[in-house]
Structure formats: C-alpha cells, structure tokens
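Start from chain A and add chain B with the ligands according to the hints.
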Amino acid sequence: MISVGYLGKELRRRWSRTLVTALGLAAGVGLVMGIMGVSNGLTAAQNQALSPLSTVGTDVIVTRTVAPASASSSTASPSASPSASTRQPQGGGGFFGPGAGGSSRGGAANQINDLNATDQAALLNANSSILTDLSKLGPAGTAFTHDFFVPGTLITFPDAAVQDVAKVEGVQSAVPGLSLQALRESGTVPALTDTVTTGGQTLTAVARPAPLTDAEQAQVRACIQASGEFTPPAPGSGTRGSGGFPRTGGANSAFTKCLPERYQQYEAQVVVPEQTITRILNPPQTDTQSKTYTVAGVNPSDKTTGLITVDQVVSGSWFTSKPANEILVNTAYASTNGIKAGQTLAINGSNYTVVGLVTPTLTGNISDIYFDLNTLQAVSTNANRVNEVLVKVTKSSNVDAVAAAIQKQLPGAQVLTAKSLANQVTGSLANAQSLANTLGGALAIIILLAAFLIAALLTMSSVAKRVREIGTLRAIGWSRGRVVRQIMAETVGIGIIGAVVGVVVGLGVCGAVDAFGPTLNATTSGLNVGASTVNLFHQSSAASVSQNIHMQALLNPQIVLIGIAAALVGGVIAGTFGGWRASRLAPASALRDLG
Amino acid sequence: MNETTAKTEGAALLYELHGVERRYLKGAAEVMALRGIDLDIRAGELLSIEGPSGSGKSTLLQLLGALDTPTAGTVHFEGQDLSRAGEKTLTEIRSERIGFIFQQFNLIPTLSAADNVAIAMAPRHVSKSTQRERAADLLSRVGLGERLDHLPSRLSGGEQQRVAIARALANHPEVIVADEPTGNLDTKNAAGVMDLLVGLQSAGDVTLIIATHDPEVARHASRQIRMRDGRIAKHATVA
Ligand SMILES: Nc1ncnc2c1ncn2[C@@H]1O[C@H](COP(=O)(O)OP(=O)(O)O)[C@@H](O)[C@H]1O
Ligand SMILES: [Mg+2]
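Those protein sequences? They're chains A and B, same order as listed.
Residue numbers in the first sequence follow the numbering used here, run continuously in steps of one, and reach 595 at the last position.
Residue numbers in the second sequence follow the numbering used here, run continuously in steps of one, and reach 239 at the last position.
Note that these hints are calculated values from the structure, not bench results.
Note that beta-carbon positions come from the ideal geometry of N, C-alpha and C, so glycine has one too.
Don't take each hint at face value.
What the hints assert, rightly or not - Here are the simulated DSSO-like cross-link-like pairs (lysine-lysine), alpha carbons at most 30 Å apart as the crow flies:
#1 A:K392 / A:K167
#2 B:K88 / A:K9
#3 A:K9 / B:K128
#4 B:K26 / A:K465
#5 A:K465 / B:K128
What the hints assert, rightly or not - If the Cβ cut is set under 7 Å, some of the chain A residues that face chain B in the computed set are:
#6 Y6
#7 R13
#8 T472
#9 A475
#10 A588
Extracted from the complex, chain A is given alone in its bound form (with noise of 0.2 Å):
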C-alpha cells in the first residue's frame, strides 16, 4: 500500500536529507551500542573475575571460617572446638557449632580480638604445629627444611558435613575441598638446650663446737677410764675451760672414741654431690627463613568439580589412579619456582611427582600446589577433616535457596554463592560496572532519545518543505492514510540505513574502546571474607586476589539486534510525527503559495 519506487527515489534523489537523519540515528545507534558494548564487557570481565565459580560448576562454597565474638558465642557448643590432637568425626552440623551468625563490627584490624573464644581456640589450636619444637627435626646445627600446614582462616571441620550437604535439597553434588597455608622453614637446627655440670668439689669445715657441760665431762672421763688409757686430772684442777684436746698418744684415740657425737661430726670432710643442669633456652636463637605457599587437597575422582577441574591442566595430566605422591602445582608458582611437569618435590622427607601443570582462574581460593586430599589430611594431621564443601545445585535458579537451606542444615557455616561473591569484587572494575549499569542505561536513554527527537524534527521539517508536493497527492487522489504510511515508509527507510550505518559504527565505537580503553583493577575478596584479614602467624593472606582488565566493549548478536531495532524504532518515531504533520496537510495545499 506504499510507493515502493517513489520511496527508493524519494531517499535516494533527496540523499543528504536521508543521510543526515540516518546518521542521526546510526550515531544514537553506535553509541548506545558502545555503552551496551562496554557493559557487557565490564560483565564478562567481572564474571572472568569470578570464573573460577562457574567453570569448576560451583554455585556454592561452604566454610566455616572465624566467627566474630557475638552475644550468644560465649555458649559455644562444646563440639565446635576441634583440637588437633582429640578431634573426633561428629555427626550432623554440630561443629559448626553457633555464633557465625554475628555481624562483624568495627575494622578487620579489630577481628581477631573480636573472635567467638571457640574460634580462637581452635584457630589458635590448629595453627600451632608450626610452634614445633625444632629441635626434633635434628641436632642442633643440621640444615633442615620443613613444612607446616595450618589452615589459616578456614578452620577445619569433619568431611561428614559433606554428606550432610549433599542431602540437602537442591543440591546435585557436595565435593571436599581443603585448603592450607604452608610455611616452609628452612635453615640450621638450633641449640636448644644449654648444658651445666655443678658439685663433685670436696670441702674441709673447722669449726668450733660448744664446751663439753659436766655430765659430758664426766661421761668421757669414765669411758676412758673404762678404757685403762687415761687417767683424768682431779676434778677442779683447773683444766676446765682450757679448751684444750689431748690430741697425743694412743689416749689420743681413745679419747676421740668417747667424745660426744656432736664434736665427731665436725671430724668429717664435705662432700658436695655433683649434678647436671638443663637451661632451656627461650626463645631459641635461629637463622630459620621462612616461605609461604598455599597448598589445597582435592579428590582426585572429583575431575570436573572442585577446587581444580581437569580442564584447567595445561600439561601434564590430571591425577592418576595412585595420587598419593602425586601433586599438580599451579602455572604461577611453578614458573617462579622453576618447576617442571615430572619432576620430583620432596616435602617433609617424601617425594611428590609433578603429574600435572593446572591454571585455577582467580577466585579467592588459588592454591599453589594441589595434593591428592588424602595425601594432604595426613601429611597435615588432618585426617577426616576438610575447610570447604564444593556444592553444584541441580537448578542454577535454586542456589539462593540452596544455599539457604544449607545454612539453616549448618548453622555457623559461611555459605557463599557466586553472586555473593561477585557483590565483594570491589576496585576500579566494580566501579566502572555500576557506573555502566546506573549512568550507562541512562545515558543510553538520553542518546536515544536525542537521536529519536533530531530524526522526528529533521522529518517535520521534510514534510513543511514538501507541503505542496503533499497536497498535490492529496490533489490527484491519494487519501491521508497513504500519505501518512508513504512517509512513514520513507523514515523506516532511513531507520534501517541508520540501523546499518549504526552497527556499523557501533563496532567502530566498541573497537575504540578495545584500543584505547582503560585497564581496569578487579579485586576479589574471595572465600575468607569475614575475619579474612586477620594475618596469623605472618603468612601472606590469599584471602584477596586482584587482577587487572582490559576494559573491553563485547558486542553480542543480542546487542546488534538492539541496535537495530532502536534504529527502526527512531524511523517509526520519526514517521509519526512526519506522518502527523503531513496527515494535517489539506489537498488545497498544492495551490499554496510558498514564496
């Protein structure tokens, strides 16, 4: 019901007025598909950012990390303080025991002395194999190295809270995951102890005793006398109180005999008993260097879920079915630390081959060297014990209230989705993200809007200058309507040059934004949110990972075909007001006088 040929020539013969409004449109076009570009580009850079989720399959991370002291925490469960050397397998959620639930107050510097007291107990407990007594790694002077495994700010808990989170409903599958911080020390046995040999010395004492009294004068005079050797001077001779010991002659010893004991004992020779000491030396003096690395234990069966999937091996291969000394060490650290897939690791006295070199994307929860989790339980005196339970829900609409249901089964369990996490990457990223997402879509709607406001106005203007053209029509017999869709015909024209001209220039935008767009810091806070930053024992903290991103504008078929159609729609928009304007045009007009 249009003039297809007078429509074609119309645009064609009037080019500049077709090109000026289809450029007004295609420059809306191209720019709201830049800003479409660039979010959705800021997205997939944040989604890159938190892929880690996504690509091992995990909706949702549970963990039993530091609680802040709340009101309630002081009647912790009794179950909900595992100690390294009782700790028992519990049934059920006990062992996450309560006080999780305690909103954390005031700064993260605070945390640790906002810590229920079970926490820090068990916190304190499971972290302190590395106060060791050093001295059992040899004697004293020997270079040793060794490892200690602590699990920083994920306390461990028993991996029956695997099976408890696998029955939850909702939930496709529960996979352990148990992630230490490894402190290598290195360097030389030291003294420990200081060794002292005291006594042995023989001593002589002279001293001199109390008079004899009369009875003890008279005493030893009749026992010398009964001895026939001495005859005593008479009594009041004056002898007394001379103070003098015959000490001469055979009397001599008969003398000594009937002396009393107490004048005897003076006789001896002292003899000091010899011992050793022990000083313990404390602190002990030590050239000990200390390394920090993050080490992560996985099921080896679990290959497409978990803290590292099999699809993240670069080369190498994944674990074989005799993962015991078998270990996969991530790219990074293994190109710092010069390590080969094949090669051999020895850590604390046993060999560890290199089957595999794996690229985890960055998340919270990168480790640096993965073990088989067994391997790990043990070598870390973790037996039966995980820190994170790996869940993949049936209905990825579900995970809020799977993980809901998970917390109300395990209370005092952190629970984490990916969207939780994606709500804690904060740097420059975040910020140009919501700065897309608020200002983008309004800026859009401006640029639109403009674009639709210039083409409507430039057809007004088309049809005021065309009135006598119009009302000739009208004069040789077309009726409003065709008139109306005639010009309406004429901007959807225009619409879909601009609609081309517009995705055109749309990829030109979003090819700028690629060459000289800003690069972008995206920080991820990762699993050990809460009292992460709490630095225990100087280890470096792997609760926050940053990465930077190129800001890039990601056009998608979705994209485009907005773009079009807003090109479309300006050319409707544009058509109606022209259309309206050309609809009030009376057939007398092809008479009017137009100067």
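Just chain B with the ligands now, kept in the frame of chain A:
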C-alpha cells in the same frame, strides 16, 4: 437562468453550485474569497474563468476540483453534495473523476515524467506494468514519448505542464480543472498546452474548466465567466 451553449444543451448537469461562499481566516482578519456563487456546469463544456488576481478564481476551482469545501452553500457534483461528502468520497472523486492542473505544474521533483503520471494510478487497483504502459501512452499523447525517464528539472515548463496534463488524464477523469495552466509559460509553449487541452475537450473526452488571464484561451471556450471580488461579474456564452 443559466445559459448553455447549443453544443452542450441537453447534456447532463455536472456541477450545480448554490450560494457558495468560501471564507478564509487570515490571522484575525477574515477574507471572503467567494461571496455567493450560483453556477451550473454541463458535461462536455469548456468553461473559462477570467478575472483579476485575487478575484477568487483559484478558490472556485478548488471547490470544483473537490480539493476544498465551501463554508456556505452547496456544491453538487453529479448529484452528490461535495460540501457534505466525507474525506473518503472526496479522495475517490479526486482520484477517479477529476484531473487537476496547476499553474506551477506541481510535479514530484524526485520522480521521472513516467513515474509522475504513474503515481496518480497508485491508489487505483492497477498493476505496476499497466501503470507504466498507460503512463508511456499518455506521455506520448502529449508529445513526450521520448522523455519518459526525465526528471522534471530536466524538462521545460511546457513539457512539465504536458506531464501534468498526462497525469490529470491518468484515471480517465470526466472533468479537467486547470488553474491558469499557461500562466507560467511563454507564448509558444502556452499555445501548445492550450491546444492540447482544447483538443481533449473537443474530442469529447472531458469537460474542461480553465481559469486564465489569456484572452486566447477564452476564445476557445464555449462559455466565459468573469469574476470580481468573489462574485461572478459577467457571464457570457460564446457562439
Ligand atoms: N488559503 C488561503 N488563506 C487565506 N486567504 C486566501 C487563501 N486562498 C485565497 N485567499 C484569498 O482569497 C482571495 C481570492 O484568492 P484566489 O482565489 O487565489 O484568487 P485568484 O486565483 O483569482 O487570484 C484573495 O484575497 C486571497 O488572498
Ligand atoms: Mg489563482
């Protein structure tokens, strides 16, 4: 009271105008372009309308051409009251029954001569090929068989007006209403266009109503009307 020529005597009444007034609002001022016109036009007539500029010739032709309706009085066309007719009826009459020719030619500048003729057939249920054929046929009838693809800008004034005549004839109208068709033409071209129009009328194809200043044109007319200040000042029948 209405005089008729011998030639058209007894022919059917094509137009009947009674007390026709056309008032324009020019800002606050009111202009009475027509102040009570009574006029009958019979089929086959060649009616010339003379009068000074501003006397209301164009206004009267717009009413006859169904481009406009009177503010008072009635315009009957073949018994149908155009002053009460709806938009759809007027459009149909303009399309099928009446061909209008303008002083300024009023060709669509972006369309070729052939296309300008063809778009008049667009509202009719006529195939594109028939439209093209008929356009070519009509253009060769007005002497432009070699100019089908020329844009108006490449045609002389006389040629443009011939295209306009071909366009007016496109849907076999009963009436051709021409508002000073030679007003923008030189004498030679004016004569050619006039001969063409008069030829159509004398062949018996159409009724021709022409507003003109040209005394030559009036000579061809079977009836002459002279207008002044929106009224018919003089009514004469040429023998
Ligand atoms: N559309 C219009 N609006 C206002 N006044 C008009 C309009 N058309 C014609 N007139 C006025 O009506 C009068 C008659 O004009 P017109 O019919 O064009 O005369 P003519 O064709 O004889 O020169 C003039 O005064 C003119 O100014
Ligand atoms: Mg006039």
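| So which of those numbered hints doesn't the model satisfy? | Those not satisfied: there are none.
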